[in-house]
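These protein sequence lines are chains B and R, in that order. In terms of the numbering used here, the first sequence opens at residue 1 and continues consecutively. In terms of the numbering used here, the second sequence opens at residue 135 and continues consecutively.
One or more hints might be untrue.
[What the hints assert, rightly or not] Going by beta-carbon spacing under 8 Å, a handful of chain B positions derived as facing chain R:
# : residue
1 : Asn21
2 : Met27
3 : Leu31
4 : Arg34
5 : Gly36
6 : Arg80
7 : Met82
8 : Ile118
It is worth saying that the hints were derived from the structure and are not from the lab. Yeah, the Cβ is synthetic: ideal placement off N, Cα and C, and Gly gets one too.
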Amino acid sequence: MAGEIPNLAESNLRALVVDDNLVNQMMHHKLLDRLGIQNDVVCNGQEAVDVHCSGRNYDLILMDMEMPIMNGIQATKRLREMGIESKIAGVTTRAEEEERKEFMEAGLNDFQEKPLTISKLVSILHNLDFCDQT
Amino acid sequence: MQRQVALIKQSLFDQGYLDEQFMELEELQDDANPNFVEEVATLYFKDSARLINNIDQALERGSFDFNRLDSYMHQFKGSSTSIGASKVKTECTMFREYCRAGNAEGCLRTFKQLKKEHATLRKKLEQYFQASKR
Chain B
1 MAGEIPNLAE
11 SNLRALVVDD
21 NLVNQMMHHK
31 LLDRLGIQND
41 VVCNGQEAVD
51 VHCSGRNYDL
61 ILMDMEMPIM
71 NGIQATKRLR
81 EMGIESKIAG
91 VTTRAEEEER
101 KEFMEAGLND
111 FQEKPLTISK
121 LVSILHNLDF
131 CDQT
Chain R
135 MQRQVALIKQ
145 SLFDQGYLDE
155 QFMELEELQD
165 DANPNFVEEV
175 ATLYFKDSAR
185 LINNIDQALE
195 RGSFDFNRLD
205 SYMHQFKGSS
215 TSIGASKVKT
225 ECTMFREYCR
235 AGNAEGCLRT
245 FKQLKKEHAT
255 LRKKLEQYFQ
265 ASKR
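Here chain B stands alone, though its shape is the one from the complex (with noise of 0.2 Å):
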């Protein structure tokens, strides 16, 4: 991997990883980890959605498409719809065109291919304005 892994500890971020897979909630949990990111893991859109219910709330969610109960184009609609203005980036291996439309147009800010790396997610950290380009 080119470049530096920005250590975003002292910015305080918190972030939210929505997703069903086991190994992909502890992949994605330490990748934010390894860039000083705090962060949440939740199983499915719903739980999602709770949490913010619940009063907490998040600099960055990550958020899987195809998920149980209530998958990610459902879930972000209903935290836009709630006034979540939270950045969100969808992760998922569903990439096909009209599905990546469908999903931005819930309501995205980033979009990106699984499986998720630290490169990626660096990329998508830029994209939406978290750290300084270098």
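Here the structure of chain B is known, so what remains is to put chain R in place on it, guided by the hints.
Here is chain R on its own, set in the frame of chain B:
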């Protein structure tokens, strides 16, 4: 001993069992989580064993609910992609294609191969992690 570990790892890549995503996992391993790669692999094999069991049961019942099978395999493929399990991922993709085509025989054949690749990868990674600890 380090040379032996390096050789074991290289053979996993050369034989196509792992792809570059596995190196992304290794990038995340640090002093705070010195066994991160093994922990992710352990979680992967535990979760994928569950999925294999679910699919086995569904196939044994004889009724091919291709939507359900595809859903299980979507999970399996997602996890396999995240850890760089290349051959397993390939079989997952083929299985999903057979599901979409409604091809029961293709599903059965591919699933048999998938289980074989999965078992081989598990064994080889166990050898690798054991050698790494010596």
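Going down the list of hints, with the structure as the test:
The interface hint given for Asn21(B) holds, since its Cβ lies 5 Å from the closest Cβ of chain R, which is under the 8 Å cut-off. Checking Met27(B) against chain R: minimum C-beta separation of about 5 Å stays under 8 Å; hint holds. With a least beta-carbon distance of about 7 Å to chain R, the hint placing Leu31(B) at the interface is held under the 8 Å criterion. About 6 Å separates the beta-carbon of Arg34(B) from the nearest beta-carbon of chain R, less than 8 Å, and the hint is met.
About 12 Å separates the beta-carbon of Gly36(B) from the nearest beta-carbon of chain R, more than 8 Å, and the hint is not met. Because the smallest distance between the Cβ of Arg80(B) and any Cβ of chain R comes to about 25 Å, over 8 Å, the interface hint for this residue is violated. Taking 8 Å as the C-beta cut-off, the interface hint given for Met82(B) is violated, the closest approach to chain R being about 28 Å. For Ile118(B), the suggested interface contact is upheld, since its CB lies about 6 Å from the closest CB of chain R, less than 8 Å.
Violated hints for the displayed structure, listed by number in ascending order: 5, 6 and 7.
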